[in-house]
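Protein chains in written order, with numbering that gives the first Met the number 0: chain H, 0 to 357; chain B, 0 to 357; chain C, 0 to 357; chain U, 0 to 357.
It is possible that some hints are incorrect.
Remember, identical chains collapse to one label, so a pair may be satisfied in a single copy or spanning two.
[Claimed, not checked] Here are the simulated DSSO-like pairs of lysine-lysine, each with C-alpha atoms no more than 30 Å apart in a straight line:
1) 202 - 85
2) 323 - 267
3) 354 - 85
4) 85 - 190
5) 268 - 202
6) 202 - 323
7) 267 - 202
8) 354 - 323
9) 268 - 323
10) 85 - 267
11) 268 - 85
12) 354 - 202
13) 190 - 268
14) 267 - 190
15) 323 - 190
No lab work stands behind these hints: they were computed from the structure.
As the structure is a computational prediction, the values presented were derived from the model and not from experiment.
There are 4 protein chains.
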Amino acid sequence: MSSFGRIFRISTFGESHCPGVGVVVDGVPSRLSLSAEDIQRQLDRRRPGGNKLGTERNEADQVQILSGIENGLTLGTPIGMLVNNKDQRPGDYGSMSQVPRPSHADFTYQQKYGIHASSGGGRSSARETIGRVAAGAIAEKYLLETYGIEIVAWVSSVGCHDADNIDMNTITRSHVDANEIRCPDSLAAEKMTAEIVAAREAKDSIGGVVSCVCRHLPAGLGEPVFDRLEAKLAHAMLSLPATKGFEIGSGFAGARMRGSVHNDPFVKKGNRLGTTTNHSGGVQGGISNGEPVYFQVAFKPPATIGQEQQTVNFSGEETILAAKGRHDPCVVPRAIPIVETMAALVIADLVMIQKIRE
Amino acid sequence: MSSFGRIFRISTFGESHCPGVGVVVDGVPSRLSLSAEDIQRQLDRRRPGGNKLGTERNEADQVQILSGIENGLTLGTPIGMLVNNKDQRPGDYGSMSQVPRPSHADFTYQQKYGIHASSGGGRSSARETIGRVAAGAIAEKYLLETYGIEIVAWVSSVGCHDADNIDMNTITRSHVDANEIRCPDSLAAEKMTAEIVAAREAKDSIGGVVSCVCRHLPAGLGEPVFDRLEAKLAHAMLSLPATKGFEIGSGFAGARMRGSVHNDPFVKKGNRLGTTTNHSGGVQGGISNGEPVYFQVAFKPPATIGQEQQTVNFSGEETILAAKGRHDPCVVPRAIPIVETMAALVIADLVMIQKIRE
Amino acid sequence: MSSFGRIFRISTFGESHCPGVGVVVDGVPSRLSLSAEDIQRQLDRRRPGGNKLGTERNEADQVQILSGIENGLTLGTPIGMLVNNKDQRPGDYGSMSQVPRPSHADFTYQQKYGIHASSGGGRSSARETIGRVAAGAIAEKYLLETYGIEIVAWVSSVGCHDADNIDMNTITRSHVDANEIRCPDSLAAEKMTAEIVAAREAKDSIGGVVSCVCRHLPAGLGEPVFDRLEAKLAHAMLSLPATKGFEIGSGFAGARMRGSVHNDPFVKKGNRLGTTTNHSGGVQGGISNGEPVYFQVAFKPPATIGQEQQTVNFSGEETILAAKGRHDPCVVPRAIPIVETMAALVIADLVMIQKIRE
Amino acid sequence: MSSFGRIFRISTFGESHCPGVGVVVDGVPSRLSLSAEDIQRQLDRRRPGGNKLGTERNEADQVQILSGIENGLTLGTPIGMLVNNKDQRPGDYGSMSQVPRPSHADFTYQQKYGIHASSGGGRSSARETIGRVAAGAIAEKYLLETYGIEIVAWVSSVGCHDADNIDMNTITRSHVDANEIRCPDSLAAEKMTAEIVAAREAKDSIGGVVSCVCRHLPAGLGEPVFDRLEAKLAHAMLSLPATKGFEIGSGFAGARMRGSVHNDPFVKKGNRLGTTTNHSGGVQGGISNGEPVYFQVAFKPPATIGQEQQTVNFSGEETILAAKGRHDPCVVPRAIPIVETMAALVIADLVMIQKIRE
């Protein structure tokens, strides 16, 4: 439901238009140095930017740490975090309350719960991800400091424009943040930007793909048979709003290959065994093998668009819907820290479970 | 670990070369009519066939129900099931024990557990899926009898050969089983068969894609925010051996589309709201909307091939590995019942959780 | 860890001296009428009273609902609740930080986490129960409105003074709250009060027992074999600070009886089968049978006392410890709403799981 | 439901009169030396003995290990275990199927599931505990070999006869098994035996109490706030058939004491801090403190007795019930290994979770 993880475990709460959104993080190791700044960094990357690509809202999204820390050190007890909802304008959404937005969650929430938040997307809105990002920022810090694990995501496609020449072994968040669209291939970034601007001008939206690499994972992470590393990553990514697909390593392209080509031969790399290629994406049998773990996540175009759409209201009567309010034409630039932090939550949980075996 | 599901919950056990493999299924509704035959049907579809496409083993794989049933009715108590491992030939694998097979789990299991089964794939082998299929066959029966839910999977590609003209609304398991490769597009099936035979003759293997449709799901299934229907399906599918990708509805192709095209407008369908298109794949906001749920799963080519491969042994010394023994050149035909039953396990669990809200 | 329940599930956070304490409640049914007042009532009963029996702190402990409600109705989404910590006086505890209080959690938290909150009891303090009470108040409301379930706890002993003549079938919270000590046997209440006053004057503390009855539970609640109703109740009660024992129905006295006396014969009660006696405490085989469920919980005397105690500091050096600050000499009066709400959490969760079978 | 534990996790299956009973144990550490003999020892202690105290059945109860072990070492994968039900005589119970036995689970299972096993106690019968004992025997071995943890239970009372002079620091299983009733106080044992014989001759049954000590636990075990060590122990013990109470350390007697008496002062014990007394029962704040953990469990008299009982059948019609078949007049002697192994399961799980923090 609203909890994720077995040991490093989060429980999120809050929707677009209530007092706040937040998270309780259980299982955080004690004596970890932690401050609000450590968390704010990723929250700021997630925040709508007020630029030509994102929505125009300017939400401060300042995190407040409620518990679990004393004198800058974690106590090993649950860390509660809260971000207030400052910028509530329910009126903007009022006209839509009788008409379920096509491909949005209005209809299914009503079917499931017999009620749905009167405005915005309620719990299905992107705002829900704030709790995940705040929690994942802690996971990231733990993984980096304890194991040197680095997680970097970037926009690898918007519409039909694909990034090229990305070196997964060296890419950093600085490279990614060098442009607003968060695609380190600057040529592709320009085309992507133009695509988003065009979609916005057409009162339309556009989908995209986020790629992510996790480096320096120790071999041995992942819990067969159901909690394989890739299964947990897939679960995490498909739990994000607007996602339609996940692939690890060679992914769907790998399904077209022969084993003699796809197999990653072992080779000695210093003190450990590594592989010469990495079609596996760093996992074999659901367990990390010490090579970089990389995966891709497909995001559909946002459902809420300004164009007129022929649809029906909850009573089944035909109507025309044209969304008002502020809506992202493309989610992938803002999805970058969300994908990274969700990956961190998965890996932190598996790292801690594997510690049992040491 | 080795359990899956929250209410309709399975715990599997067993590996290739121990006395048996099996499963404990908890949370099965009481008073469900159930016999070994109900389970055997899918186990038989999963069983290696002894034909030109599969391996040559002929495992009877007869299920024994150990508990939870009296007079042909479930008691509501856990159902234990066991399939004996009859055909153990560990000798076939002996030569490989010092050399981790490239892209196989030998290396990662050793890294994780400090030990690995001396032969076969141990717990990472396809034989582990027997417990899942046996459990999922119960879930299927429950879903069909109680809600009329039908789940049908088929081979949609092998290597570069794709099925075409599949009607998701009408396809049945009879259509699928009409040929050995389980692709209801007979023209594509021929090409796929040739591809597999060619791979086998080259002592190689080949990947493929399985598609699956789940029809007649009621609206309302899926538990936001983490246990969305697509997140649970992705988790389930990526927990299967040899999988590299998952997509629901429009999937990665949807990431290239505009919202005005991708959105599924609502329309009145009898007493309910339906949609005119189904790019969403039957889910919105992680909850089923009453339209067919469909998804695809990418399987890599099997790692164990007869060709010589340059690699290193556990000590890092260079060696040539050429697998002996019996190995499937392509897993997708046998994966059909596995994908179906895993989907059934996911849906049965979500159906039961949603019953709480009725 | 800090979560409890399978479907109606809570995650608490916060310790004595951080910004606040609170809870996230997942799985609350939608369309339940709910306001802060519904929750405040039990929080007020839990609050230290500023009278001669309790501590002298006056904490407002006003709950703030952060999410999950709109227009006075639950949305089915997680309900976040927060109570600020207003009255922090860490200085009072400073002298104790180098000396683990005997029978308190200072030592074990340090051993477990390698760190412990510098003041108060941190997460082991009674203040942590605020989140439980807030969540349980929702469970109570749901159970009362939906099933007519009533839960009433009372003080049945303080020190050696036992309540007598309590009628479990008719006792109400009004009866219980008629005196400060929350013992509806007024004669015993006087003796208990005197005992507490005496303990306080001696800078000492005293233990006690809380009894609780849960009426109008439908038959069928409890999930064999591990989540039997009494097992979950025992788990819940022994998770409360300062508890040392739990018994249901006849309890330890039942262990001295013969079966012919202990057995509860069935008899027809209107449309259902009931029992003539209720040594079972309303459960058989771990499942409610429709009779009142009743149980008792033993609370030890509070560990923090003003008397001088000979002990050692963390370094093992002998020292004298005499606690300063404000400390309850007896916890059982304030434990009443805590026991009730924990019982409500257990029952609400089991009610919801049993709904799956209907 | 039928699973217990978070990391060291068991799932049991089977009832009295199906083909077998068993368990799947997940999370067992790899490379643990393990054989069927290790498990059989506790199963043999649990087995009805065919002597004057127990029932007359002679069940071999030989365990078969189905998976998870190779060459005498655990693989880290799930260990499946099965014990066949050899001695099924359903006819003995036939006469009872229309009349729910007073204080037995016949009625509540029927209410819960709408069906109940036609004979014996089904899943509520003591036979279900075989899976627990088999799994717990593995936990015991792990705890003893890895941490030197010893767990010893004994009969501390039968009816009104209490054991005296038991030294918790030195008692061993050999002492306990020195007599059939498993009470190391030989004088009390004689009286207990006489009591059981008398109950049997009167076609009646009698209750009793089991005490248990767990020695050499490291400090730090237990997961506040909900999974405190005593909460998990209470959960485990109250999940056993026929239990009515649990107390740890001073228990209900502690509720009568003053803090100045009850508190356990710290003292230096070699390299660690210990306590001079142990009213706490080895736990403070829900976490082990390094002193012996001890607790007591109350068992009611068995419900199935040969005496005639006035009751009603499922239709509410008055009838006389006199049980036929073989029934234990007192469960506590056989409960000894069950209590020990359940304690081992709790501790093993908590040990493994605490390893994460090292």
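Verification of the supplied hints:
1. 202 - 85: Close inside one copy (26 Å), not across copies (49 Å); limit 30 Å.
2. 323 - 267: Only across copies: residue 323 and residue 267 sit 24 Å apart there, 59 Å inside one copy, limit 30 Å.
3. 354 - 85: neither (41 Å within a copy, 36 Å between copies)
4. 85 - 190: Neither way: residue 85 and residue 190 sit 34 Å apart in one copy and 54 Å across, limit 30 Å.
5. 268 - 202: Answer is between; shortest inter-copy Cα gap is 29 Å, intra-copy 52 Å.
6. 202 - 323: within (10 Å within a copy, 60 Å between copies)
7. 267 - 202: between (54 Å within a copy, 26 Å between copies)
8. 354 - 323: neither (50 Å within a copy, 36 Å between copies)
9. 268 - 323: between (57 Å within a copy, 27 Å between copies)
10. 85 - 267: Classified as neither: same-chain Cα gap 55 Å, cross-chain 38 Å, threshold 30 Å.
11. 268 - 85: Close neither inside one copy (52 Å) nor across copies (40 Å); limit 30 Å.
12. 354 - 202: Answer is neither; intra-copy 50 Å and inter-copy 40 Å both fail.
13. 190 - 268: Neither: 39 Å inside a chain and 41 Å across chains, both beyond 30 Å.
14. 267 - 190: neither (41 Å within a copy, 39 Å between copies)
15. 323 - 190: Intra 27 Å, inter 51 Å, cutoff 30 Å: intra-copy only.
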